[in-house]
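Participant: Below, each chain spelled out in residue letters.
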Amino acid sequence: SQKIEQNSEALNIQEGKTATLTCNYTNYSPAYLQWYRQDPGRGPVFLLLIRENEKEKRKERLKVTFDTTLKQSLFHITASQPADSATYLCALEGGGYQKVTFGIGTKLQVIP
Amino acid sequence: NAGVTQTPKFQVLKTGQSMTLQCAQDMNHEYMSWYRQDPGMGLRLIHYSVGAGITDQGEVPNGYNVSRSTTEDFPLRLLSAAPSQTSVYFCASGDREVGYTFGSGTRLTVV
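Chains A and B are the protein sequences, given in the same order.
Here the working numbering is used: position 110 in the first sequence is 108, and no number is missing along the way.
For any residue, its number in the working numbering is found by taking its place in the second sequence, counting from 1, and adding 244.
FYI, nobody ran anything at the bench for these hints, they're computed from the structure.
Even for Gly, the Cβ is constructed at its ideal location relative to N, Cα and C.
Don't take each hint at face value.
[What the hints assert, rightly or not] Lysine-lysine pairs mimicking DSBU-like chemistry, simulated, CA-CA at most 30 angstroms apart: (1) A:K53 to A:K1; (2) A:K97 to B:K253; (3) A:K15 to A:K97; (4) A:K105 to B:K258.
[Stated by the list, open to error] Some chain B residues close to chain A (C-beta under 7 angstroms, calculated; not the full set): (5) T251; (6) F254; (7) G286; (8) V294; (9) A296; (10) P305; (11) G307; (12) Y308; (13) R340; (14) F346; (15) L352.
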């Protein structure tokens, strides 16, 4: 069956360090992968999209990599700040056109 | 402001009651979807639509009904509410190439 795995345990890092979050998937052949941020009590907010033919994508302090052989995406936040504390979700299309499934998310806590 | 508008923000229903969760977007997106989010379960897709008149089932469609008569609106109907439908419901619209915009959610409690 199709599965998206994110580390459901919280990730705690010190301010200024680089946070790295992992998204692994099985039985998908995604044309793209997306990352979202969700704050408590709010809807997810789109951050970045990376396509299957792209190895890396950057946006300000954010970097996403996509390895279709390993079936894995890594999401990096450099020079992390307490304001980056949130839950980060990855999302894939599978089982139908624009049928998008989300991972459970990883909660990031940046400690001042 | 442009975006996805969900109403109501909060709702309490009795078991067996029916209701409609409203979702409207003003970005002219063909794609719209409904998710529910439960603690420890993440976002689960209920129904989605790739255009007016076209809908399809997601992962957890039972107990929910949708229709898409216009590009702007995508209401979600609970036919006979059950306590298992207590959840936070999110509507989204967008495109696979540029990402999806979510509404602020409807918090539903079924007693």
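Participant: Each of the hints needs a verdict: does it hold here or not?
Facilitator: Here is how each hint holds up against the structure:
1. This hinted pair checks out: K53 (chain A) and K1 (chain A) have alpha carbons roughly 22 angstroms apart, not beyond 30 angstroms.
2. With a CA separation close to 25 angstroms, the supplied pair K97 (chain A) and K253 (chain B) stays within the 30 angstroms bound.
3. Taking the CA atoms of K15 (chain A) and K97 (chain A), the gap is near 35 angstroms; set against the 30 angstroms cutoff, the hint is violated.
4. Straight-line distance between C-alpha atoms of K105 (chain A) and K258 (chain B) comes to about 33 angstroms, which puts the hinted pair past the 30 angstroms bound.
5. Look at T251 (chain B): its Cβ only gets to about 14 angstroms from chain A, farther than 7 angstroms, so that hint breaks.
6. Using the Cβ-Cβ criterion of 7 angstroms, the hint placing F254 (chain B) at the interface with chain A is not satisfied: the shortest such distance is roughly 12 angstroms.
7. Hint status for G286 (chain B): holds, given a least beta-carbon distance of 4 angstroms to chain A, under 7 angstroms.
8. A least Cβ separation of about 6 angstroms between V294 (chain B) and chain A falls short of the 7 angstroms threshold, and the interface hint therefore holds.
9. A distance limit of 7 angstroms between C-beta atoms decides the matter here; for A296 (chain B) the minimum to chain A is near 15 angstroms, and the interface restraint is violated.
10. At a threshold of 7 angstroms, the smallest CB-CB gap from P305 (chain B) to chain A is about 12 angstroms, leaving the interface hint violated.
11. Interface hint status for G307 (chain B): violated, as the beta-carbon distance to the closest one in chain A is roughly 19 angstroms, over 7 angstroms.
12. The beta carbon of Y308 (chain B) is not positioned within 7 angstroms of any beta carbon in chain A (closest approach about 16 angstroms), and the interface hint is therefore violated.
13. Taking 7 angstroms as the C-beta cut-off, the interface hint given for R340 (chain B) holds, the closest approach to chain A being about 5 angstroms.
14. Among the interface hints, the one on F346 (chain B) holds; its C-beta lies about 3 angstroms from the nearest C-beta in chain A, closer than the 7 angstroms criterion.
15. For L352 (chain B), the shortest C-beta to C-beta distance to chain A is roughly 14 angstroms, which exceeds 7 angstroms, and the interface hint is violated.
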